[in-house]
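Single-letter residue listing:
Protein chains: 2
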Amino acid sequence: MEGNAMPSGNTQVRLASRPMGKPTPENFEITQTSLPEPSEGQLLLKILYLSLDPYMRGRMNATKSYAKPVEIGDVMEGGTVARVVRSRHPDFAEGDVVLSHSGWQSYALSDGAGLRKLDPQAAPLSTALGILGMPGFTAYSGLLTIGRPKPGETVVVAAASGAVGSAVGQIARIKGARAVGIAGGAEKCAFVRDELGFDAVIDHRVPDFAAQLVAACPGGIDVYFENVGGHVWDAVFPLLNDFARVPVCGLIAQYNSRPGEPTGADRLPLVMRDVLSKSLNIRGFIQREFADQRPDFYRAMAGWISSGEVRYREDIVDGLENAPAAFIGLLEGRNFGKLVIRVAAEN
Amino acid sequence: MEGNAMPSGNTQVRLASRPMGKPTPENFEITQTSLPEPSEGQLLLKILYLSLDPYMRGRMNATKSYAKPVEIGDVMEGGTVARVVRSRHPDFAEGDVVLSHSGWQSYALSDGAGLRKLDPQAAPLSTALGILGMPGFTAYSGLLTIGRPKPGETVVVAAASGAVGSAVGQIARIKGARAVGIAGGAEKCAFVRDELGFDAVIDHRVPDFAAQLVAACPGGIDVYFENVGGHVWDAVFPLLNDFARVPVCGLIAQYNSRPGEPTGADRLPLVMRDVLSKSLNIRGFIQREFADQRPDFYRAMAGWISSGEVRYREDIVDGLENAPAAFIGLLEGRNFGKLVIRVAAEN
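First to last, the protein sequences are chains A and B. The working numbering numbers the first residue of the first sequence as 11 and each following residue consecutively. The working numbering numbers the first residue of the second sequence as 11 and each following residue consecutively.
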């Protein structure tokens, strides 16, 4: 059920089983429950948009990461844009639109904690999950706080047509650096070069990918914004300059690896040798570590979007029931732009 | 020839061949040349002490590191304390004692560039190569700038009886952190615990080393000052806390590894996974990056030594001809304290 009609139930996507390697549709279960009733001090939220992001793959594992795993049978978690449809909370009125973390479901209760009101006039609502949300802020905070690109330096980022990578390269250029993007396939590469204005872009699927990267980085690499891992890392690593910075916000290429899988030679000694001999800085981060920069981010990014200095692309998929397949595709790079599920129409 | 007598020649230790794996005596050649004559603006230095440090192993390889390699046939490089025995330079008088980078030889010419005059009354001259020199400053700058230990945090350092490690643990304690040292053998461990005052010390040669490290770090590890690599890394890495800092100043355990040696499973994906999930910061450095901190270091360290808050141990070997064997032993942990060659008597 969609639109304005008040439905009788809540559709939810739950974790049915933990994936071994790549997730499959069987790892998810779609259930219907009755609509929850807000108590005093609570709100009922109707989810309009659900963000799908690579980090969610980690939550499907049992191992503790920076956040606790989703338990079997629990609703999958995720960032959402929602409308208040019933309010028993003094700070929110029916009709308000908020950023919430309500997960993969069509309705949710909230006590108001952690909600941020959105202005539907200021920007398309879905951007609060992308360029003006967590992915955009991941790019902004990681690049500027850890990467610290200087004018004339070379910044490399993979998944360059995606939510984080597209912002990384464009912010790098605003700061006077060269942006070299890596993307999968000719269509995405053309978008990164022609629409986003990166200085160079390379298709990581071509056989001479590593050689093309060398050619695109004649002065080496000063900042590698790591969000994929895998064979992109192997091509990038030898090109890092002395004092290069490597903010690490994702490793999508290894999220689906299976425990006990055979591996190649041990790369760690070589990596540590270069960490030492080149004074490299490898630094993992989660954007919420830099939460105090969020007001600056909202102001700066809104300005860059309105001036046209930052462009973005969204890949909007209709219907919560399509979230599992869309998420499986995201991990394989089948999305093109920030992947968002339209759970319900805005009006 | 030693002492005050002006000898007829200069003894030099040259790189005869590049080692494959561990250096052997055959990689070094001891030669005699005539004593050089200073031109106008030059000095003749008589070397009193030569510092032997693990980084010199890297210079014996052909591969470019943060410094260029020593060429075959060249005098091995190294930090030295020397007396000016002839001066044709306005800023230096005969009898002055200076810190220089004159290498493995008994005499050297200098144009004065990069020399630092030493006060023989202020501290034993050999300390300018150790606790009050490059190793002490490596500990100070890396620990305080990258490691940034907070009161109550746990700092782990290996080679804890050595030039750098001993300073790291003692500075950590001065800053209110717990210092856990790792050393090789009961004698070194007793020194680290009883003389240097570390909170705990573990012998990395015992079979249950990793389990002992777990027991010594009940709250995990917040700073791992990496100067050895190898199996110590494997024991330390799983214990790193969220937001742990890993300054990397040396990897002595892998300096002697041979290209093409068989390796175990690839550890890099696991390391990168934890870099991401724990927001780790791994940062290679060379102390000269922080050269502007040197005045603060000299002042602070001199104070800590005179107050007894920092203690140090030197392992002084007589005679330049013994430098190759002493250096080979250093790479195997056979020294006990900062290794220095006494090239000539001070008086």
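Treat the hints as calculated values from the structure; they're not laboratory data. You may find that some hints are simply not true.
Each pair may be met inside one copy or between any two copies, as identical chains are not told apart.
As the list claims (entries may be wrong) - Derived PhoX-like pairs: lysine-lysine, alpha-carbon spacing no greater than 25 Å straight-line: (1) Lys288 with Lys32; (2) Lys127 with Lys74; (3) Lys185 with Lys74; (4) Lys160 with Lys127; (5) Lys74 with Lys32.
- List, from low to high, the hint numbers that the structure doesn't satisfy. 2, 3 and 4
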